[in-house]
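The residues making up each chain are set out below.
There are 2 protein chains.
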Amino acid sequence: MNILLKLAYDGSNYYGWQRQKDFITVQQVVEEALLSLTKKEVGVRGASRTDTGVHALAQGVFFKLDTSIPMESFPRALNSFLPKDVAVLEAREVSDIFHPQKSVIDKTYIYKIQNSDTRNPLLYRYTAYERRKLDTQSMKKACSFFLGEHDFSAFCSSEATVKSHVRTIYDMDVYLKEDIINIKIKGSGFLYNMVRIVAGTLLDVGLGKKEPENIRDIILSQKREKAGKTMIANGLTLVEVNYNE
Amino acid sequence: MNILLKLAYDGSNYYGWQRQKDFITVQQVVEEALLSLTKKEVGVRGASRTDTGVHALAQGVFFKLDTSIPMESFPRALNSFLPKDVAVLEAREVSDIFHPQKSVIDKTYIYKIQNSDTRNPLLYRYTAYERRKLDTQSMKKACSFFLGEHDFSAFCSSEATVKSHVRTIYDMDVYLKEDIINIKIKGSGFLYNMVRIVAGTLLDVGLGKKEPENIRDIILSQKREKAGKTMIANGLTLVEVNYNE
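Each protein sequence line maps, in turn, to chains A and B. All you need for our numbering is the position in the first sequence, starting with 1, plus 1. All you need for our numbering is the position in the second sequence, starting with 1, plus 1.
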């Protein structure tokens with residue numbers, strides 16, 4: 002049986018999604034919970050390799066398992082073996098040809114920036130903080146230049162190992178929600194640190210250091226140093242993944 | 002100079018407000034930040050002794066200090082010495098007769114309960130979780146029975162050491178905000194664990210184990226065992242303190 006979970010987690014206490022030798026990761030605690038529940042060694046694969054400190058409301062988790070637990074009961078069953086900062090929201094059976102990365106149509110991330118005179122410490126785990134007033138209208142305007150298919154080498158960490166830096170951005174918006182600036186971006190996929198660099202570049206636009214129109218040239222340059230800084234990981238949350246089945 | 006701060010903190014990583022010998026508390030980090038900023042040993046007093054894991058958006062912090070730092074610059078100055086989970090929101094000078102507890106007119110707490118089929122792990126630090134569907138209308142109805150001056154011995158931990166258990170509740174409400182049940186309670190003051198026991202009793206009302214009208218008898222009984230359980234600390238936040246100056 003091929004099973005796909007929708008998984009949510011607070012990434013604060015994890016060294017990202019992907020299993021590592023000496024550090025605790027979300028993948029590890031999910032595999033350990035599956036072992037406790039099923040008494041079987043189950044290897045899982047994620048839709049996104051979220052980094053240390055990055056959160057998820059909709060990580061895709063794929064694995065093969067023969068089980069008599071009905072899918073509607075599966076989240077609750079597995080959640081009883083998961084720590085408080087990780088939870089399965091949904092479980093469903095998928096076909097034999099389903100692939101945890103190749104079956105993805107799009108992914109959506111939200112990057113949050115607290116933009117106020119004083120920082121609210123109850124939000125620090127889930128937002129970046131910027132004291133200087135940001136011009137959200139300019140940031141919103143800048144979004145349109147990211148849309149479509151581009152080589153995003155300028156928005157990619159030098160540590161990235163993938164061959165092609167071409168990705169498609171389907172939708173992007175900047176909006177205020179209770180004094181938090183939300184940068185929402187939906188794309189075919191994202192390069193290493195891409196959303197955090199996009200957020201850092203929009204920060205420069207919000208501060209007036211860059212004009213919305215500059216985004217076009219930054220993309221065309223394919224030069225990392227033309228874009229803004231890589232924002233801190235804890236402002237980032239994977240909020241949606243859609244699949245072609 | 003008598004100074005009053007409005008302090009916000011995420012209580013997750015602290016053993017409450019009040020200084021303890023072997024455990025880190027919010028009072029300690031504030032006093033250490035004041036030492037770093039002013040090079041003086043400054044003892045501070047809080048409006049509320051929040052427990053381990055309890056949060057604050059408006060803790061009152063009082064101290065005496067001769068300083069040339071203008072009050073409007075004080076939050077930012079002190080914040081640069083505070084950890085990410087603690088922040089000063091406001092600072093002002095108060096009179097010589099100001100007292101951090103006796104000058105308090107009222108305090109407001111909010112207790113949050115996540116009431117959904119699946120728990121959202123990004124909220125676990127700030128909410129209790131209840132899977133069974135709660136009847137918020139009954140919980141709301143129960144609020145009226147708490148209003149006014151009562152002996153709240155039934156809603157008080159046996160560890161409490163104060164003489165009088167008489168307190169006045171000025172205002173109380175239960176409302177839904179993005180799938181979170183908020184229990185908001187404003188009173189002259191609160192006994193040890195009182196808000197968490199009130200929340201546990203309202204939980205019983207929401208589950209149909211108690212009727213709203215039972216609250217009257219529970220209060221009159223003055224017996225702790227008549228009330229509900231003490232809910233976990235991390236659902237509780239001190240949100241407002243008003244003073245008579």
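Hints may be right or wrong, so weigh each one.
Since the list gives no way to pick out one identical chain from another, each pair is judged satisfied if it fits inside one copy or across any two copies.
Straight-line alpha carbon distances no greater than 25 Å define the calculated DMTMM-like cross-link-like pairs of lysine to aspartate or glutamate that follow [stated by the list, open to error]: (1) Lys134 to Glu73; (2) Lys178 to Glu241; (3) Lys187 to Glu131; (4) Lys141 to Glu246; (5) Lys185 to Glu33; (6) Lys134 to Asp86; (7) Lys134 to Asp180; (8) Lys224 to Glu33; (9) Lys85 to Glu131; (10) Lys178 to Asp86; (11) Lys210 to Glu241.
Rather than coming from a laboratory, the hints here were simulated on the basis of the structure.
Right, here's what the structure says about each hint:
Taking the closest pair of Cα atoms, Lys134 and Glu73 come within 25 Å of each other only across two copies (18 Å); inside a single copy the shortest separation is 46 Å, beyond that limit. Taking the closest pair of Cα atoms, Lys178 and Glu241 come within 25 Å of each other both inside a single copy (18 Å) and across two copies (22 Å). Taking the closest pair of Cα atoms, Lys187 and Glu131 come within 25 Å of each other only inside a single copy of the chain (24 Å); across copies the shortest separation is 33 Å, beyond that limit. Taking CA atoms no more than 25 Å apart as the test, Lys141 paired with Glu246 passes in neither setting, with 32 Å inside one copy and 43 Å between copies.
For the homomeric pair Lys185 and Glu33, neither the shortest alpha-carbon distance inside one copy (32 Å) nor that between copies (39 Å) is at most 25 Å. For the identical chains of this complex, Lys134 and Asp86 are inter-copy neighbours only, at 22 Å across copies versus 32 Å inside a copy, given an alpha-carbon limit of 25 Å. In this assembly of identical chains, the alpha carbons of Lys134 and Asp180 lie at most 25 Å apart only when taken from the same copy (11 Å versus 31 Å across copies). Within a single copy, Lys224 and Glu33 get their C-alpha atoms no closer than 41 Å, and across copies no closer than 44 Å, so neither meets the 25 Å cut-off.
Taking CA atoms no more than 25 Å apart as the test, Lys85 paired with Glu131 passes between copies only; the shortest distance there is 13 Å, against 29 Å inside one copy. For the homomeric pair Lys178 and Asp86, the shortest alpha-carbon distances inside one copy (24 Å) and between copies (21 Å) are both at most 25 Å. For the homomeric pair Lys210 and Glu241, neither the shortest alpha-carbon distance inside one copy (31 Å) nor that between copies (38 Å) is at most 25 Å.
Hint check: violations occur at hints 4, 5, 8, 11; the rest are consistent with the structure.
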